[in-house]
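Just so you know, the protein sequences line up as chains A and B, in that order.
For the first sequence, counting from 1, position 135 maps to 134 in numbering that gives the first Met the number 0; every step adds exactly one.
For the second sequence, counting from 1, position 215 maps to 214 in numbering that gives the first Met the number 0; every step adds exactly one.
Take these hints with a grain of salt, some might be off.
[As the list claims (entries may be wrong)] Only part of the chain B face toward chain A is listed, based on derived beta-carbon distances under 8 Å:
#: 1; residue: Leu34
#: 2; residue: Phe93
#: 3; residue: Ala101
#: 4; residue: Ile105
#: 5; residue: Asn108
#: 6; residue: Ile112
#: 7; residue: Glu220
No lab work stands behind these hints: they were computed from the structure.
The beta-carbon is built from N, C-alpha and C at its ideal position, and this holds for glycine as well.
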Amino acid sequence: MSEAWQFYISTLLVYLGVNVMACWGLNLQFGVAGLLNFAFIIFQAIGAYAAALVTLGPHDPDSYQDYIFGAHLPFPLPILAGAVAGGLLALFVGVIALRRLRSDYQAVVMLVVSLIAASIATNAVGLFNGAPGLSLIPKPLASTLDVSLVGYQWFYVGLVAVCCLIVFVITKRIQSSPFGRSLRALRDNPDAIAALGGNVGTLRIRAFVIGGAIAGASGALLAGFIGAWSPASWDYRETFVLFTAILVGGTGNMLGAALGALLVPIAFLEASRFIPSFGRPGLVEALQWVVIGGVTLLFLWFWPRGLLPERKRTYTVPEG
Amino acid sequence: MRVLAPAIGFGLVSGAILAIAAVGFTLQFGVTNVLNLAFGEVMITSAYIAYLADAAGWPLWALVLVAAVVGAIASFLLNALLYGPFIRRGIGLFGMLIVALAASLIAQNALQIIFGARFLTLRIPAGRSFHLLGMVFTTAQLGIIVIAAMTLLIVRVILRQTRLGKAMRATATDPALARTCGVQTDRVIGAAWAISGALCGIAGLTFVVNLGSFQSTTGGEILVPIVAAAILGGVGHPAGAVLGALTVAMASELSAAFLDPAYKGAVAFAVLILVLLWRPQGIYAEVVTQKEAVA
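Turn these sequences into a full structure, and let the hints steer you where they fit.
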């Protein structure tokens, strides 16, 4: 395989891994706990920013970019910082939005939070350098590892794969734990959970924070790989792509969420990159969004449970 | 005073536009419980068709009519062809929100495919300006306020004086009971979508006239102040929506005048979140429980 192809394939694999992680996080919130988080992408974004801030180094006033709190933390701390930032932001938003609000209003609040975040990030230039975003983010271990460009690409594929594995084990364990069962019960019938003495608000916030932390970690990986991150790349429509992925793959099913991540953000959006550009600038992108929206509607109508439906869980009471 | 009075003037104009939209939004949401996230796109669709009519040399009153008719048809079809079938299929509340967001995305990008991404401007001149108590209005802005007042008056007459209005209020309160009493709720719901759409269309036209120029994505962020105004006024209460619209518009314009204009839009966001947290039932002290969508 030529170097160019290796470069391309490894890049796609990194994107795939990051999207799979994000879809698992969103699936935990939406598919398992029944939370409609239309702001999911901002948790990925805050994780990316946090990771960037702790790798860029102390802020130099003469630099072309402004940001707060710079530091040089060694690998793998930036990824953890991303997860922590995503989790903390989710805790903040969750405590405000998830405790008392009726659920359709919760979804509206999330949509608004997504719009506010974009507005703050663009306008408060001192925070994350405004609309241009941050760039020249050092790549994890790039200076310590003595490998070629392609070699580093494959190292990153491995890194993302390990992170995916960790997230898989964590979310899988959560889903089969008593906590996971409560979350599914919460999704199917919140009143019943409340009647049985469960604390609906706390359960929702816990699922929200875990999902936010996973989103943050995936964002940190993406920022480290691309080396740049700007507010334009995380508007609310990016969240919609992840929702489409989960709906296509199968809501509530981890394998389904991963399949959706492969089919929608990677296969569809990447494959349509090979379509020769035609018409006005922006036409192909507009068509992409129409197709993404259309696919969502088709799946909700014909296959609402997705390609790999969630299996129906049955529990037996141990005798004795 | 030099800053305050003009800011109030701006607030009155944008409040009038927002009031038309919020009344349309609250009427439909109150009757059907469908959170129509594609409302902004219906507004901009009407504005585009009004732009075409304007380019063809149609008079101003005809543009208002065109916008209202286009909005009514678009909104009616949106329910008849998309939302209605999904609701009858028994899709849940969350599924419905995803459907609505998908509709908004598709409509926004379809508009861009049809009309391109460039900014368009209607030929309506701003006219000469009038000074009133320190506020400055152009003829176009005064026209917008008059259109808003007339539109809202007509809506009030329809809701209060006609059988349709009565049936609509009955359906909003309790659809099952209304059906039992012989109200043909499906027709009422269709009418609610159409009337809401007509208001949406007029709001779209006045919005782009006031804004100066518009493009396909202009509809995206209008939704936030509209939803804020409708919920602040209490869902299903047109009079409350008018009050909510004026409050949101004044808050935005005053904060733009005295604070950083960059955050003008953020004020509507903040109002919406605060209202949802502290008073989700709106300024009317009525307990609102979550209802299922009806079609």
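Consistency of the hints with the structure:
no. : hint   : verdict
1   : Leu34  : holds, 6 Å
2   : Phe93  : holds, 5 Å
3   : Ala101 : holds, 4 Å
4   : Ile105 : holds, 4 Å
5   : Asn108 : holds, 4 Å
6   : Ile112 : holds, 5 Å
7   : Glu220 : holds, 7 Å
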